[in-house]
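Here's the letter readout for the chains.
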Amino acid sequence: MSVVSELRRTAGSRRSGPPGTPDGVTDSPAGDGRRRKGDGRMAAVFLAPWFLGLGLITVGPMLASAYLSFTDFGLLSAPNWIGWDNYTRMLDDPRLHKSLVVTFTYVLTAVPLQLILALGLAMLLDRGMRGLAFYRSVFYLPSLLGGSVAIAILWLQVFGVNGLVNKFLALFGIEGQGWVSSPDTALSTLVILHVWTFGAPMIIFLAGLRQIPEMYYEAASIDGAGKARQFFHITVPLLTPIIFFNLVLQVIGAFQSFTQAFVVSGGSGGPADSTLFYTLYLYQKGFTHLDMGYASAMAWLLLLIVAAMTAINFLASKYWVFYSD
Amino acid sequence: MTDLDLRPDPAAGVHASRPDSRGSAARYSSGRKRSMWRSNVRSTFKHIGLVALAVVMLYPLIWLLVSSFKPNDLIFRDLSLIPTEIDASNYTEGWSALTYPFGRYLLNSAVIVLGSLLGNLISCSMAAYAFARLEFRGRRLWFAIMLMSIMLPIHVIIVPQYVLFSRLDWINTFLPLIVPKLLATDAFFIFLMVQFFRGIPRELDEAARLDGCGHIRIYLRIMLPLSTPALATTAIFTFIWTWNDFFSQLIFLTKPAMYTAPVALRTFLDSSGQSSWGPMFAMSIVTLIPVFLAFLFGQKYLVKGIATTGIK
Numbered sequence: 001m002s003v004v005s006e007l008r009r010t011a012g013s014r015r016s017g018p019p020g021t022p023d024g025v026t027d028s029p030a031g032d033g034r035r036r037k038g039d040g041r042m043a044a045v046f047l048a049p050w051f052l053g054l055g056l057i058t059v060g061p062m063l064a065s066a067y068l069s070f071t072d073f074g075l076l077s078a079p080n081w082i083g084w085d086n087y088t089r090m091l092d093d094p095r096l097h098k099s100l101v102v103t104f105t106y107v108l109t110a111v112p113l114q115l116i117l118a119l120g121l122a123m124l125l126d127r128g129m130r131g132l133a134f135y136r137s138v139f140y141l142p143s144l145l146g147g148s149v150a151i152a153i154l155w156l157q158v159f160g161v162n163g164l165v166n167k168f169l170a171l172f173g174i175e176g177q178g179w180v181s182s183p184d185t186a187l188s189t190l191v192i193l194h195v196w197t198f199g200a201p202m203i204i205f206l207a208g209l210r211q212i213p214e215m216y217y218e219a220a221s222i223d224g225a226g227k228a229r230q231f232f233h234i235t236v237p238l239l240t241p242i243i244f245f246n247l248v249l250q251v252i253g254a255f256q257s258f259t260q261a262f263v264v265s266g267g268s269g270g271p272a273d274s275t276l277f278y279t280l281y282l283y284q285k286g287f288t289h290l291d292m293g294y295a296s297a298m299a300w301l302l303l304l305i306v307a308a309m310t311a312i313n314f315l316a317s318k319y320w321v322f323y324s325d
Numbered sequence: 001m002t003d004l005d006l007r008p009d010p011a012a013g014v015h016a017s018r019p020d021s022r023g024s025a026a027r028y029s030s031g032r033k034r035s036m037w038r039s040n041v042r043s044t045f046k047h048i049g050l051v052a053l054a055v056v057m058l059y060p061l062i063w064l065l066v067s068s069f070k071p072n073d074l075i076f077r078d079l080s081l082i083p084t085e086i087d088a089s090n091y092t093e094g095w096s097a098l099t100y101p102f103g104r105y106l107l108n109s110a111v112i113v114l115g116s117l118l119g120n121l122i123s124c125s126m127a128a129y130a131f132a133r134l135e136f137r138g139r140r141l142w143f144a145i146m147l148m149s150i151m152l153p154i155h156v157i158i159v160p161q162y163v164l165f166s167r168l169d170w171i172n173t174f175l176p177l178i179v180p181k182l183l184a185t186d187a188f189f190i191f192l193m194v195q196f197f198r199g200i201p202r203e204l205d206e207a208a209r210l211d212g213c214g215h216i217r218i219y220l221r222i223m224l225p226l227s228t229p230a231l232a233t234t235a236i237f238t239f240i241w242t243w244n245d246f247f248s249q250l251i252f253l254t255k256p257a258m259y260t261a262p263v264a265l266r267t268f269l270d271s272s273g274q275s276s277w278g279p280m281f282a283m284s285i286v287t288l289i290p291v292f293l294a295f296l297f298g299q300k301y302l303v304k305g306i307a308t309t310g311i312k
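Those sequence lines, one after another, are chains A and B.
Under my numbering, think of the first position of the first sequence as 1, with each following residue one higher.
Under my numbering, think of the first position of the second sequence as 1, with each following residue one higher.
There could be a bad hint or two in this list.
What follows is a list of derived Cβ distance ranges for each label pair [as the list claims (entries may be wrong)]:
hint	chain 1	residue 1	chain 2	residue 2	range
1	B	I216	A	A272	16 to 26 Å
2	A	H97	B	T44	19 to 29 Å
3	B	L74	A	M90	18 to 28 Å
To give an idea of the chain A side of the interface with chain B (calculated C-beta under 10 Å), a few residues [said to hold, decoys possible]:
hint	residue
4	F70
5	A150
6	W300
7	A316
8	K318
9	V321
These are computed hints drawn from the structure, not numbers from a lab.
Please read all numbers here as calculations on a predicted model, not as lab measurements.
Backbone N, C-alpha and C define an ideal beta-carbon position, used for all residues, glycine too.
Work out the full structure, taking the sequences as your base and the hints as a guide.
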């Protein structure tokens, strides 16, 4: 059904589901004995754009980026091989360390908060309740707008000295502060922005909740299980694949956050580097300082981190994700 | 379900099975009334909570809209959503505040969006057809590679891409933003369409094949017409993502004449300090309107698309 479960299926040692399962990649779509010879050539035709894209836009640049990460490439001059220098430079680059701390702090707070809120609201939105479509739309809308420059500008104002938040606090006699201009709180405003976009995972949770047969709950309530028990013994276990799916995708996405921090800090990652997301620092290195060798090395570290986080998620999933199939 | 699990003591269930039928019926109906009343109260509270949250979530957006019609000094003075007077001067001022009229940036965005739309619809559906219906060597491997490419951070390839495109003299043209879409690099949509194609009964194309149709005809005449929901989902998400995209547009478009709406919007912050919030808000609204309209008209597909594949 989802990318993550497909990956699990394709990457795992387990062969794909039996032929004919709606979402398994079966080995022979036409069924055995009916293999057609022309298919291979036809596939080349249909896949030609994708193959070209994969080679020229994805894999080629990946290899080039791997090579450049071992050079002192500055765009204007030819790249010089400098071995592991870029990587060792990373070891004592305080801004890079800061950007890692910022990014991890962001991912480890924003993603869980967002998912908890998404699940909580999905639970509240019952099937067939009045106004369901309305709530779903209203909660989903911010997800579509959240990544835009316009919203980042809005956030800059909302959490500014004269912004909405402080105006609101003033109603209670609390004196606010410049939330985006203070190193202690700037990152939190971006976390709030991320949490605000909980609508997308909420809709995935809603779809997952719909898959749970009503009779499980009926049976449980006949057995005298209360709401809380039903939640922990039916809903959560049956929803773990969806929680896992949301978690994997959100973690991958959050590591790559850029626009909001770029706009809110005016491209600097400030104040005091408190919103210096990893990708923002990579952008500065590569496209402001034209230190493209170093930026390439940073990109590979990012890939490594994202891959490691995903691998950890997949490994840990064995212990808490329950697949009923 | 509601009836049983809201009952406070499980013993009530025991009473119901007592031989004294009159007594148990009375007890049962009173319990039922009580629980109905309770569930009404509960649902009222739930709706109050949900509406409150909806208001909190939408407040900034509505405030942005209202503020875009207020004179600059008023924006910072009041929280209220009811404008005392409607003043469109922020829009006229914002429209011409940058190097070029804002319409130019909107047009640039529109060109890129259209190119990306065309590219994604054609090339992703072609690749999806191959994965869903064709038998070829290494299909599972290529499919796995396609899935993994969905998760590849763009940062890993952006530097060499930039070098490549600058060698081709494509910087400050729309080509670096459109050509990759023509080459199906938004693999998420390939996946989405594979999922959809698999759901189309195989009997249909088997029958067409018996009638002498080749794969190209089957793809054009059967798969594509039957896949309008998947194509619509792809179109809407491509529209919204490309319209909102900032990172790659910021990198590939550095001349003001080529700026897209988001990149131009950002330069408000550079060029005017933070003094002209009104015009900036007005142009923010202008860039949000297309996304909002896409959301309004494409809701059905957006919700379905996100629920089945987890697109963000």
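Hint check:
Taking the beta carbon of each, B/I216 and A/A272 are about 60 Å apart, not inside 16 to 26 Å as hinted. Range check, A/H97 to B/T44: about 52 Å between beta-carbon atoms, so the 19 to 29 Å window is missed. The beta-carbon spacing between B/L74 and A/M90, approximately 49 Å, falls outside the hinted interval of 18 to 28 Å. About 13 Å separates the beta-carbon of A/F70 from the nearest beta-carbon of chain B, more than 10 Å, and the hint is not met.
Interface hint status for A/A150: upheld, as the beta-carbon distance to the closest one in chain B is roughly 4 Å, under 10 Å. At a threshold of 10 Å, the smallest CB-CB gap from A/W300 to chain B is about 7 Å, leaving the interface hint in force. Checking A/A316 against chain B by beta carbon gives a least distance of about 17 Å; that is not within 10 Å, so the hint is violated. Evaluation of the A/K318 hint against chain B yields a violated restraint, the C-beta minimum of about 20 Å exceeding 10 Å.
A distance limit of 10 Å between C-beta atoms decides the matter here; for A/V321 the minimum to chain B is near 15 Å, and the interface restraint is violated.
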